[in-house]
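Could you put together the complete structure from these sequences and hints?
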Amino acid sequence: MNNKLKIDLVEESQQNSFPKNQWFVVALSKELKDDFIARKVLNIPMILFRDPQGKVTALEDRCCHRGMPLSSGHLENGQIRCGYHGLLYNATGQCVEVPGQDKVPNKAKVKNYHVIEKQGLIWFWYSFEYETPNSEVPDYPYHEHEDYLYDGDVYHYDTPYQLIHDNLMDLSHLAYVHLKTIGGNAKIHMNAEMKVTQGDNQVVVKRHMLASDPPPTYSMAYPFQAKVDRWQEIDFRVSHIRIWTGAIDTGTDSLDNPERNGFNMRGFHAITPETENTCHYFWTMSTNPQHDRERIAKVVIEQTRLTFDEDKVVIEAQFKNLKQFEHKEMVGIHIDVGLVRARRIIADLI
Amino acid sequence: MNNKLKIDLVEESQQNSFPKNQWFVVALSKELKDDFIARKVLNIPMILFRDPQGKVTALEDRCCHRGMPLSSGHLENGQIRCGYHGLLYNATGQCVEVPGQDKVPNKAKVKNYHVIEKQGLIWFWYSFEYETPNSEVPDYPYHEHEDYLYDGDVYHYDTPYQLIHDNLMDLSHLAYVHLKTIGGNAKIHMNAEMKVTQGDNQVVVKRHMLASDPPPTYSMAYPFQAKVDRWQEIDFRVSHIRIWTGAIDTGTDSLDNPERNGFNMRGFHAITPETENTCHYFWTMSTNPQHDRERIAKVVIEQTRLTFDEDKVVIEAQFKNLKQFEHKEMVGIHIDVGLVRARRIIADLI
Amino acid sequence: MNNKLKIDLVEESQQNSFPKNQWFVVALSKELKDDFIARKVLNIPMILFRDPQGKVTALEDRCCHRGMPLSSGHLENGQIRCGYHGLLYNATGQCVEVPGQDKVPNKAKVKNYHVIEKQGLIWFWYSFEYETPNSEVPDYPYHEHEDYLYDGDVYHYDTPYQLIHDNLMDLSHLAYVHLKTIGGNAKIHMNAEMKVTQGDNQVVVKRHMLASDPPPTYSMAYPFQAKVDRWQEIDFRVSHIRIWTGAIDTGTDSLDNPERNGFNMRGFHAITPETENTCHYFWTMSTNPQHDRERIAKVVIEQTRLTFDEDKVVIEAQFKNLKQFEHKEMVGIHIDVGLVRARRIIADLI
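Chains as they are written, first to last, in full-length UniProt numbering: chain A, 1 to 350; chain B, 1 to 350; chain C, 1 to 350.
By construction, these hints were calculated from the structure, which means they are not laboratory data. Being a predicted model, the structure only gives us computed values, none of them experimental. Each residue gets a CB set at the ideal place from its N, CA and C atoms; glycine is no exception. There's no promise every hint is true.
What the hints assert, rightly or not - Which residues of chain B face chain C? A few of them, derived with a C-beta cut under 10 Å, are:
1. LEU163
2. SER172
3. ALA175
4. ALA317
5. GLN318
6. ASN321
7. MET330
8. GLY332
9. ASP336
What the hints assert, rightly or not - Here are the computed lysine to any residue pairs in the SDA-like style, where the Cα-Cα straight-line distance is at most 20 Å:
10. LYS320(B) with LYS195(C)
11. LYS30(B) with ASP151(B)
12. LYS111(B) with GLN101(A)
13. LYS111(C) with GLU329(B)
14. LYS320(B) with ASN43(C)
15. LYS111(A) with LYS195(C)
16. LYS320(B) with HIS74(C)
17. LYS323(B) with ASN43(C)
18. LYS328(C) with ASN43(A)
19. LYS103(A) with ARG81(A)
20. LYS328(A) with LYS40(B)
21. LYS195(C) with GLN101(A)
22. LYS323(C) with GLN101(A)
23. LYS298(B) with HIS74(B)
24. LYS40(C) with PHE319(B)
Here is the structure:
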């Protein structure tokens with residue numbers, strides 16, 4: 001990363017809505033091939049493209065001349081040319097050509113944002129206190145782990161980002177929302193023991209379901225013998241949530257052994273606010289099928305997509321209703337403990 | 001009706017928009033069969049359904065847990081289950097099951113609204129001063145009178161409810177708005193003698209048109225001899241308007257005899273605000289054809305529907321224009337006397 | 001023009017948005033044949049129609065009775081009848097009939113606006129200080145000049161009117177926006193010498209491109225020999241802009257001779273605000289083909305239409321982006337000199 005990049009201050013108007021000094025996902029690497037992406041994240045309209053060396057660049061999506069979106073223009077060898085009067089910008093945001101004019105004015109530049117591509121994800125450092133990031137880019141090894149195959153997508157939600165956190169922080173909704181896909185038995189989910197632990201800007205919710213029948217997807221992917229011990233581990237990290245679910249043959253290992261075998265699915269869920277009331281939901285699903293790997297990984301992605309489509313319907317309906325009942329208190333139940341802690345962490349960061 | 005039902009106070013924010021202590025129609029009985037209805041009335045989002053005994057229930061359309069609309073869930077034997085985490089509510093609004101949790105929190109309940117079904121109409125007691133209604137549910141005998149056949153529908157309007165009152169309080173617009181349907185001669189309508197009388201929260205406008213030709217619908221439904229004496233009686237009752245129109249053979253009876261014979265149509269028009277600027281218009285039309293009753297009653301409903309479609313176009317155009325000319329004075333003409341008094345009654349009730 | 005017409009004061013709320021004491025185009029004559037037009041201009045909803053003598057009339061689009069748009073009614077011999085209760089208005093805005101009522105109330109009238117039809121354009125005098133116009137209706141002789149054929153259209157823009165001025169005050173965007181139509185070589189446009197002169201509420205930008213190749217449209221319309229000297233003259237007049245472009249055979253005449261020959265196109269661009277953030281764009285294009293005149297004039301109109309479609313996409317994208325970056329400074333470049341002066345003139349008039 002070019003250390004000379006000036007990390008611009010986040011505008012004052014944006015200071016109070018979202019947790020600062022965080023790495024947020026702004027794109028999947030696979031989205032950014034030959035063309036640019038225009039995307040608003042954290043109230044910042046950005047254009048993302050690759051410079052001549054293939055490195056990812058994020059600029060303010062606005063020509064400094066007459067305010068045209070740069071994303072109405074076109075790329076020329078890793079530089080972006082405005083589609084109105086033809087001003088050309090390089091990957092640092094500096095205007096390098098004003099057609100019909102010899103000298104480029106000093107002021108002719110746009111903001112450049114701090115982004116890093118790593119393991120198939122493009123991360124943006126969102127801050128207003130530090131010029132350079134004060135934390136490492138998150139590591140997500142399952143996107144480059146030989147046991148796992150993965151794919152994913154980005155969904156746009158017309159809801160505040162925290163409603164998706166709420167949804168993911170407890171999976172007991174599976175039995176009601178996902179009847180048609182991964183639903184399963186309500187009682188088993190609801191009654192499984194749940195452990196919640198908390199770290200530094202982190203909440204972990206673990207649920208173990210012992211000696212249960214393996215769901216069809218699991219049996220398809222792994223030669224289970226009979227009953228299985230299943231687990232769900234939800235790991236909240238402010239800008240994203242990691243959800244690890246899986247099963248082992250009952251009695252073959254402990255669910256407390258982090259190296260345990262069996263079939264498992266590692267869901268990566270990065271929820272990045274677009275505005276206060278809309279967000280982007282970047283997700284991937286990594287699985288370790290034991291045979292017929294490509295086909296089974298693909299089936300898992302298809303099922304995951306259907307499941308997340310169902311969530312979107314529910315959460316958008318919830319948000320519409322919350323707007324109708326703005327000042328109503330919510331009644332807590334026992335499954336809320338994870339989401340309550342996650343919301344407290346974010347409240348402290350804003 | 002269960003007397004123990006607690007009638008919740010109307011929210012403070014809703015106190016100043018609509019006339020209080022009134023019975024408003026919120027549904028036609030025929031709308032509420034096996035499934036629920038979700039409908040916002042008087043700024044209150046409601047879910048309406050039948051309890052195990054078939055009695056109509058109205059609850060706040062909001063799960064007390066995470067604010068999900070209950071109408072995204074499903075009915076289970078006259079109880080409603082939320083579609084997110086499965087909380088189950090009975091017809092009083094009490095949560096009776098929280099999946100995965102033995103004890104239901106005391107607070108886990110939603111508002112129950114006071115509704116009564118009578119004569120094919122579902123009435124809601126809208127109040128903020130009284131716990132129990134201080135007036136009887138309106139009686140509308142023509143929905144169960146052997147001489148009459150009726151049907152109706154509910155229309156949604158993107159206009160404030162009082163613009164529909166204005167429209168109905170004088171029928172002289174027929175000649176201009178309903179040229180294609182029930183229009184008739186402008187001069188006859190406009191020049192007929194009009195009497196306006198006023199009662200307690202009631203305005204009655206009567207118009208008699210003597211010795212005129214019977215309109216085609218009338219001739220079809222009744223064996224008129226030649227000229228007829230026609231009447232229009234508009235009876236405003238705050239939450240609804242009753243319009244009685246009809247004709248008798250000229251010279252056979254007096255239009256002042258309430259028991260007079262002839263063909264007549266009894267229109268029931270309940271206009272219930274949805275919000276300040278939108279409303280529901282529930283209407284039925286009861287007629288007394290002398291022969292071929294089913295067919296003629298059906299023709300009348302079809303013609304009524306076309307007529308009301310025309311009104312909707314006009315009134316929504318009027319409202320759009322009123323927004324453009326917000327502070328302009330209106331010039332009164334003689335036909336406005338009914339609507340002026342109706343508006344005064346509502347102003348006094350708000 | 002009837003001198004007795006009372007020019008109503010512009011409402012106070014509209015005083016600060018648009019330049020006053022100007023003639024604005026509100027319609028093309030060809031739009032106003034047998035029926036009326038309803039159009040909001042400068043925040044004033046108008047209905048335009050021809051009186052019994054064919055003279056154009058503009059009234060407030062609002063019945064004085066219940067606020068219905070008069071444009072929901074119909075014309076009767078050069079008078080407009082409201083579609084709700086049938087009030088009839090003559091071309092001065094006076095109500096001349098209230099159905100069912102002998103006397104028309106004194107107050108029953110609507111505003112009449114000062115409009116004049118001239119040379120295929122309908123002009124409206126927009127003012128709040130003067131009862132009668134203090135300037136002549138603009139003269140546009142090319143709509144009745146025997147050398148020229150013309151046609152045009154009206155476009156609706158979801159942008160403030162001045163963004164269209166900006167676009168027209170410099171044509172260097174041709175090379176980027178109009179690649180598919182009239183684009184041409186970016187360097188030639190950008191580097192041509194530009195002269196800007198200023199008059200009373202007038203800015204003229206002239207650009208000469210000597211000894212260049214004639215564009216295909218020009219060659220089609222005129223028997224050019226080889227190289228041509230081309231010109232662009234942009235003449236800003238507050239409510240409209242006149243753009244004269246053309247070419248002569250190089251060496252046959254001076255581009256400073258106002259009587260010079262050659263093929264030329266006279267664009268008339270009247271941009272009339274609808275509201276602060278929307279506008280109407282009335283345009284015509286007059287050309288002087290030397291042969292096959294009707295066909296070539298038609299081709300020019302088709303190409304012009306495609307070009308203006310491209311501008312609309314760009315300018316509406318620009319406006320959306322400006323709303324995202326409200327308080328950002330714009331960086332000026334040399335081609336902005338015309339638009340800067342035009343904006344200064346308008347700022348002084350508001």
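Structure-based check of each hint:
With its C-beta approaching chain C no nearer than about 9 Å, LEU163(B) sits inside the 10 Å limit, and its interface hint holds. With a cut of 10 Å, the hint placing SER172(B) at the interface with chain C holds, because the nearest CB-to-CB distance is about 6 Å. Taking 10 Å as the C-beta contact cut-off toward chain C, the hint placing ALA175(B) at the interface holds, the least distance being around 7 Å. With 10 Å as the threshold, the beta carbon of ALA317(B) comes within range of chain C, its nearest partner Cβ sitting at about 5 Å, so the hint holds.
Hint status for GLN318(B) relative to chain C: holds, with the closest Cβ pair at about 5 Å, below 10 Å. Evaluation of the ASN321(B) hint against chain C yields a held restraint, the C-beta minimum of about 4 Å falling below 10 Å. With a cut of 10 Å, the hint placing MET330(B) at the interface with chain C holds, because the nearest CB-to-CB distance is about 6 Å. The beta carbon of GLY332(B) is positioned within 10 Å of a beta carbon in chain C (closest approach about 8 Å), and the interface hint is therefore held.
The interface hint given for ASP336(B) holds, since its Cβ lies 8 Å from the closest Cβ of chain C, which is under the 10 Å cut-off. Taking the CA atoms of LYS320(B) and LYS195(C), the gap is about 48 Å. The hint is violated against a cut of 20 Å. For the hint linking LYS30(B) to ASP151(B), the alpha-carbon distance of about 10 Å falls within 20 Å, and the restraint holds. Pair hint LYS111(B) plus GLN101(A) does not hold up; C-alpha atoms about 69 Å apart against a cutoff of 20 Å.
For a cut-off of 20 Å, the pair hint linking LYS111(C) to GLU329(B) stands: about 13 Å separates their Cα positions. Between the alpha carbons of LYS320(B) and ASN43(C) the distance comes to roughly 14 Å, so the proposed pair stays at or under 20 Å and holds. Restraint check for LYS111(A) and LYS195(C): the C-alpha separation of about 34 Å exceeds 20 Å, so the hint is violated. Simply put, LYS320(B) and HIS74(C) have alpha-carbon atoms about 19 Å apart, close enough for the 20 Å limit, and the pair holds.
Restraint check for LYS323(B) and ASN43(C): the C-alpha separation of about 12 Å stays at or below 20 Å, so the hint holds. For the proposed pair LYS328(C) and ASN43(A), the alpha carbon gap of about 15 Å is at most 20 Å, so the pair holds. As the CA atoms of LYS103(A) and ARG81(A) are separated by approximately 17 Å, the hinted pair is consistent with the 20 Å bound. A C-alpha spacing of about 17 Å is found between LYS328(A) and LYS40(B), which places the hinted pair at or below 20 Å, so the restraint holds.
About 15 Å separates the Cα atoms of LYS195(C) and GLN101(A), which keeps this hinted pair within 20 Å; it holds. In summary, the hint linking LYS323(C) to GLN101(A) is not supported, as the alpha carbons are separated by about 28 Å, beyond the 20 Å threshold. Between LYS298(B) and HIS74(B), the direct Cα distance comes to roughly 34 Å. Violation of the 20 Å bound is thereby established for this hinted pair. With a C-alpha separation of about 16 Å, the suggested pairing of LYS40(C) with PHE319(B) holds against the 20 Å cut-off.
Violated hints, listed in ascending order, are 10, 12, 15, 22, 23; each of the other numbered hints is respected by the structure.
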